[in-house]
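> So you can see what is in the structure, the chains are spelled out below.
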Amino acid sequence: MSRGQVWFDDAAGPLVRPYAVTRGRTHSQQTQLEMITLVVALHPPDHPALARMNPEHAEIITRCQRPTSVAEISAGLRLPMSVVKILISDLIERQLVIFRAAATPDLHVLQAVINGIRRL
Amino acid sequence: MVFVGSDPYADRRPDDMAVSAVKLLVAGGFGVGKTTMVASVSEIAPLRTEELITELSRDVDDLAGVEHKTTTTVALDFGRITIDPTIVLYLFGTPGQDRFWFMWNELADGALGAVVLADTRRLDNCFPAVDFFERRGIPFVIGVNCFEGSELYTVEEVRDALGIGTEVPVALCDVRRRESSRELLLTLTEHVLMLATAAAAARG
Chain A
1 MSRGQVWFDD
11 AAGPLVRPYA
21 VTRGRTHSQQ
31 TQLEMITLVV
41 ALHPPDHPAL
51 ARMNPEHAEI
61 ITRCQRPTSV
71 AEISAGLRLP
81 MSVVKILISD
91 LIERQLVIFR
101 AAATPDLHVL
111 QAVINGIRRL
Chain B
1001 MVFVGSDPYA
1011 DRRPDDMAVS
1021 AVKLLVAGGF
1031 GVGKTTMVAS
1041 VSEIAPLRTE
1051 ELITELSRDV
1061 DDLAGVEHKT
1071 TTTVALDFGR
1081 ITIDPTIVLY
1091 LFGTPGQDRF
1101 WFMWNELADG
1111 ALGAVVLADT
1121 RRLDNCFPAV
1131 DFFERRGIPF
1141 VIGVNCFEGS
1151 ELYTVEEVRD
1161 ALGIGTEVPV
1171 ALCDVRRRES
1181 SRELLLTLTE
1191 HVLMLATAAA
1201 AARG
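Line by line, the protein sequences are chains A and B. Be aware that the first sequence starts at 1, since it is given in the numbering used here, and climbs by one per residue. Be aware that the second sequence starts at 1001, since it is given in the numbering used here, and climbs by one per residue.
Excised from the complex, chain A in its bound form:
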């Protein structure tokens, strides 16, 4: 790519400054968080600890009253997944949410998935 030539275009979406909500942090402390990791709130959204955090943290707690994936949280908050992972890490540190890693795809899980798709 030659100098001065931009590598992004309309299809790549707008340039963003998304790390404002993470106060400039670009890396999550929780490297186990993946796009289908399920996050569950341990408290209601009116928990006092949330008053000292960003509105985005409270919104995650609201959305995670039922198990919700990192990808769904990202879509709901309209924030990139890497940003959402940092915010979720903050909540994990403060013991406001817990998370569950993706299922191990063993034969039992695969059979259950097949049965579930048959019922569609």
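I should point out that these hints are in silico values taken from the structure, not numbers from a laboratory. Some hints could be false.
[As the list claims (entries may be wrong)] Just the calculated beta-carbon pair ranges, DEER-fashion:
id: 1; chain 1: A; residue 1: Thr26; chain 2: B; residue 2: Glu1167; range: 41 to 49 Å
id: 2; chain 1: B; residue 1: Asp1109; chain 2: A; residue 2: Thr26; range: 17 to 25 Å
id: 3; chain 1: A; residue 1: Gly24; chain 2: B; residue 2: Gly1204; range: 51 to 59 Å
id: 4; chain 1: A; residue 1: Thr26; chain 2: B; residue 2: Phe1127; range: 33 to 41 Å
id: 5; chain 1: A; residue 1: Gly76; chain 2: B; residue 2: Asp1084; range: 18 to 26 Å
id: 6; chain 1: A; residue 1: Gln65; chain 2: B; residue 2: Asn1105; range: 25 to 33 Å
id: 7; chain 1: A; residue 1: Gln65; chain 2: B; residue 2: Ala1198; range: 36 to 44 Å
id: 8; chain 1: A; residue 1: Gln29; chain 2: B; residue 2: Arg1176; range: 42 to 50 Å
[As the list claims (entries may be wrong)] Among chain B residues calculated to face chain A with C-beta under 8 Å, some are:
id: 9; residue: Ser1020
id: 10; residue: Arg1048
id: 11; residue: Glu1050
id: 12; residue: Glu1051
id: 13; residue: Thr1073
id: 14; residue: Asp1084
id: 15; residue: Tyr1090
id: 16; residue: Leu1186
id: 17; residue: Thr1189
id: 18; residue: Val1192
id: 19; residue: Leu1193
Each residue gets a CB set at the ideal place from its N, CA and C atoms; glycine is no exception.
We have chain A already, so just place chain B on it with the hints.
What follows is chain B alone, placed relative to chain A:
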């Protein structure tokens, strides 16, 4: 697998503690019907998430060596199917543009398998996806999406054109129809189960 982290309220919602997720991918060229397929079987309207792409480039004339950081995003569409009280299935469409290959690694990580959608008018558009899944050893099936106005080819003709062996299932489909998408997902997951069963038997 158990939830990670301190958990003083674990007994508050026992059902929530038992659920975990799996994912399948829907790949193929731009405009082949990936999001249409996700929408046809998802229990929610397809959601769009974004991931950041950061490209670090160093200007050769910059004696200070300051890195210029350009950030943009790539969009991913996905849907959800609740399989049972303990398993949620997510279906992710892969980005259509070749330059977003880096994103495929994160998508493919832990994926059970993939549907590669092919359009017979632009068959070569699905070659990169076929290559990717072959190299990564991720089970996949080919869905030949039958568009109006496209010539109908037989499964064998498509298999020959793609240069894939008989071990990879190829099926004709119309992913606008829920039943057709469901059949394709069944073909994939049964193929995945067959491979996993054979692998388990080989291990003894």
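> So, for every hint listed, does it hold in this structure?
Hint-by-hint comparison with the structure:
In this structure, Thr26 of chain A and Glu1167 of chain B meet the distance hint of 41 to 49 Å, their C-beta atoms being roughly 43 Å apart. With their beta carbons about 20 Å apart, Asp1109 of chain B and Thr26 of chain A fall inside the hinted range of 17 to 25 Å. At roughly 53 Å, the beta-carbon separation of Gly24 of chain A and Gly1204 of chain B lies within the given 51 to 59 Å, and the hint holds. Hint check: Thr26 of chain A to Phe1127 of chain B, Cβ distance near 35 Å, so the stated range 33 to 41 Å holds.
Against the hinted window of 18 to 26 Å, the Cβ-Cβ separation of Gly76 of chain A and Asp1084 of chain B comes to about 24 Å, which satisfies the hint. Under the hint 25 to 33 Å, the C-beta atoms of Gln65 of chain A and Asn1105 of chain B, about 32 Å apart, fit the expected range. For Gln65 of chain A and Ala1198 of chain B, the hinted distance range of 36 to 44 Å is satisfied, since their beta carbons lie about 42 Å from each other. A hinted range of 42 to 50 Å for the beta carbons of Gln29 of chain A and Arg1176 of chain B is consistent with their spacing of about 43 Å.
With a least beta-carbon distance of about 4 Å to chain A, the hint placing Ser1020 of chain B at the interface is held under the 8 Å criterion. Look at Arg1048 of chain B: its Cβ gets to within about 6 Å of chain A, closer than 8 Å, so that hint holds up. The closest approach between the C-beta of Glu1050 of chain B and any C-beta of chain A is roughly 5 Å, which is under the 8 Å cut-off, so the hint is satisfied. Look at Glu1051 of chain B: its Cβ gets to within about 5 Å of chain A, closer than 8 Å, so that hint holds up.
Proximity of Thr1073 of chain B to chain A holds as hinted, the smallest CB-CB distance being about 4 Å (cut-off 8 Å). Look at Asp1084 of chain B: its Cβ gets to within about 6 Å of chain A, closer than 8 Å, so that hint holds up. Restraint check, Tyr1090 of chain B versus chain A: the minimum CB separation of about 5 Å is within 8 Å; hint holds. For Leu1186 of chain B, the interface hint holds, the least distance from its beta-carbon to any beta-carbon of chain A being 5 Å, beneath 8 Å.
Given the 8 Å rule on beta carbons, the hint for Thr1189 of chain B holds: about 5 Å separates it from the nearest Cβ of chain A. The beta carbon of Val1192 of chain B comes within 6 Å of a beta carbon in chain A, closer than 8 Å, and the hint placing it at the interface holds. Checking Leu1193 of chain B against chain A by beta carbon gives a least distance of about 5 Å; that is within 8 Å, so the hint holds.
In summary, this structure violates none of the numbered hints.
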